[in-house]
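**Q** The listed protein sequences derive, respectively, from chains A and B.
Residue numbers in the first sequence follow this note's numbering, run continuously in steps of one, and reach 321 at the last position.
Residue numbers in the second sequence follow this note's numbering, run continuously in steps of one, and reach 1112 at the last position.
If you're looking for bench data, these hints aren't it; they were derived computationally from the structure.
Wrong hints could be hidden among the right ones.
Okay, the calculated beta carbon distance ranges per label pair [unchecked claim]: (1) A/297 <-> B/1039: 34 to 44 Å; (2) A/153 <-> B/1066: 27 to 37 Å; (3) A/149 <-> B/1039: 43 to 53 Å; (4) B/1105 <-> A/38: 47 to 57 Å; (5) A/155 <-> B/1062: 33 to 43 Å; (6) A/36 <-> B/1042: 14 to 24 Å; (7) B/1080 <-> A/148: 39 to 49 Å; (8) B/1066 <-> A/56: 14 to 24 Å; (9) A/121 <-> B/1045: 50 to 60 Å; (10) B/1066 <-> A/203: 50 to 60 Å; (11) A/129 <-> B/1100: 52 to 62 Å; (12) A/287 <-> B/1087: 58 to 68 Å.
Keep in mind the model is a prediction, meaning the values are calculated, not measured.
We put the CB at the ideal spot given by N, CA and C, even for glycine.
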Amino acid sequence: MSPRRSEGLGLLWWYPPGWRERYGDEFDALMEDTLGDRPPTRRFRLTIALAGLRERGSEMGVMGDSIPPVDRARAGSLLVLCAWAVFVVAGSSFAKLSEGFRLADPTRTASVSSGAYRSVMVMAIVACLVVLAGMAITVPAFLRFLKTGGWPLIRRFVIRALLASVVGLSALTAVVGLAHTLTPAQRGGELVNHPVIWYYQLAFIATVLLLAVALGLWTIAAVVTVRRLDLTGTVVFAEAHLAAAAAGAMVLMTVATAVWWGSIASSAPWFLQGAPAGSAGSPFNVQLVGTMVLMLVASILAGYGVCRVTRSGLTLRSGRA
Amino acid sequence: MTRNRQPTGLRRSNDPPVLILTSLAAGPKHGHALAKDIEDFAGVALGPGALYGAITRLEERGLIAPLETDDRRRPYRITAAGSTALAEVVEDMRRIADIGASRLGLTPGALA
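In isolation and in its complexed conformation, chain B is listed as follows (with noise of 0.2 Å):
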């Protein structure tokens, strides 16, 4: 079954856009600092062309929003819009998470 998210884009939980949804859900942070979280809550070393590739998608569809400042390194929040639709792909991986680890035996939670 292939779930529709045309209108947010978001698909795994290894595609930049989600990736830096979950980084800017901690709070604001420019590209050197979202490139840091990532590698080191997910072990994903994004280059500069993905990363900005990922940004200019987001931003385009308002999930994030460029924060002012005079730095050349702008940061970057999390929209309202962003937060839904981050939600909505964390409960798809987390009912996938539960059927896996329903289907191994193991206790749901368990595989954190």
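Just chain A, with the same shape it has in the complex (with noise of 0.2 Å):
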């Protein structure tokens, strides 16, 4: 058989394996026909990357309805968890980024930002909670997947990910090394231009990359696994739950790293741009808005989650699933 011209122009690429094998041969031919001798323009391009994105979305339960309630719900249920691990990124973030905002916000505005602080942390204890009670309810079907031989289907995912939590806990192991040999003005980044303050910050840089790596690796270990399981209605309906109490508690969050913002950029904005107290400094850091854009996008990301799986948890109650 000749190769697939639309292969060999990446664009069957964007489609799923299932989708390429059922269609692949005539959807080439209608590109030919359609082609003819001419290069896909860029549009054209898109325009197919778009299909097979929104063809992978239908396939893994995101988009459509073209696969049962239940599995729509377990489907939502794990875009949730993707939301998760997109927001402990950004909640780590927030984490490093207000270190010591209290000794720089003596005003009255003080309660406010502790508050809000406050809440941040609380719910993200709630929502680590709300997650491990989500994985610990799977564990049951986890083990009836390992005894019916489902290890080789999700092996090469977890070693991926294991291999990135190695790499990137070694790394953290020395950046913390190195961090001791530094006096606390120096990790705070004073003396900036000292090439032991940039190799201890790209070190920094690099280890926080390759933890997210490892997170995104263990999260899609985990979506890949959930998938295959073989869960009941009982667990799927008790999963769909939680996703949402863990959705409420990221736009929460969200809402209070907004107000903390608002609050440290009202009465204290010089700590924001690690700035000498009393000083005028912009409301704004780099840092912090990329927070709140991820903090937002996996809110929304979230929130969709939770009305795919509101929208199949209807159909459940109903007992048609």
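Put the two chains together into one complex, using the hints given.
**A** Structure (structure tokens):
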């Protein structure tokens, strides 16, 4: 068989493997008929990419209604789990950024920023417990999956995540070791022109990225595994409720972070710039803007996941799953 | 008022699934022939992505079916369920067209 032209052009890559297997040849013939000898335009490529991604979303159950309601509910819960992984990265960034803010905000708005900060911390603990509970109730199904020979299906995902974790934690150990050789002022970003500080900051950023990659790979491994588990309707229903609770916690944390930002920006803007207390400073901080964007993206993703769960949940409750 | 179209997923007259069913109501066609026919009768140019997205959904719902062929250009036919679903949509469209024609003071069928 001659190689598919659309595969050569990288267009079929956007579609899921099962779809390529079923429709790949005829889709390729349609491309030939449509394009002739002309190369595809950027707009053409974009429409194919979007259609392929839509097909992937449909296959995963996060778009459309081509899979049973119970699987759509499960996909919605997994979407919330993915959102939680994004939120963990944003939350870690916020935790680092807000270190020592109480010392920089001694004015009357301190209670507002402290209250918002406490809300973020409490909600983070609640969300962690909810995610752990969600994992715990799938353990019996996971053990059954392993007993029935499921390990080879998930092995490469788990090993990849394990390797990334080992690399990330090794880097973290090295960075912590390096941090102990610095003074608190140096760790705080003073003497920025000193080469050691540059190395420390580069190593810190690289470590954060490595840990984020490890978290992403564990999330992928969890999604791949849970999609293969034989979950009862009760477990899927419980997961749906836990997903809604986690999504609610993410939204509350996003709001609390915005309140914290507003409070600090009005009472101690110098803190956001790392400037001496009392000096003028912009209320904008690149890391905080990035953190807020990530939190918003995660909250929207989680909200969408809950919508999927809710729509499927209604069908589940009516016994038509 | 929103009419429930959940079982078939068919909605507006310019939805790709409706256009595909309308085209297949005249006989089986493969992808490129479908795209050309739809462009001729509806003036809608469906790209390969939109066309095959709709074909996938229609086949999943049992509204169209592939025909056996050795050619890479696989033709599709409308099923009985597809004909019923299309008839419902056409009836809806006719009802709305009649109301529109009546309110504009046109004779029903004069818009055709």
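**Q** Decide, hint by hint, whether the structure agrees.
**A** So, going through the hints one by one against the coordinates:
| no. | hint | in the structure |
| --- | --- | --- |
| 1 | A/297 <-> B/1039: 34 to 44 Å | holds, 38 Å |
| 2 | A/153 <-> B/1066: 27 to 37 Å | holds, 30 Å |
| 3 | A/149 <-> B/1039: 43 to 53 Å | holds, 51 Å |
| 4 | B/1105 <-> A/38: 47 to 57 Å | holds, 48 Å |
| 5 | A/155 <-> B/1062: 33 to 43 Å | holds, 37 Å |
| 6 | A/36 <-> B/1042: 14 to 24 Å | holds, 23 Å |
| 7 | B/1080 <-> A/148: 39 to 49 Å | holds, 40 Å |
| 8 | B/1066 <-> A/56: 14 to 24 Å | holds, 22 Å |
| 9 | A/121 <-> B/1045: 50 to 60 Å | holds, 55 Å |
| 10 | B/1066 <-> A/203: 50 to 60 Å | holds, 57 Å |
| 11 | A/129 <-> B/1100: 52 to 62 Å | holds, 57 Å |
| 12 | A/287 <-> B/1087: 58 to 68 Å | holds, 60 Å |
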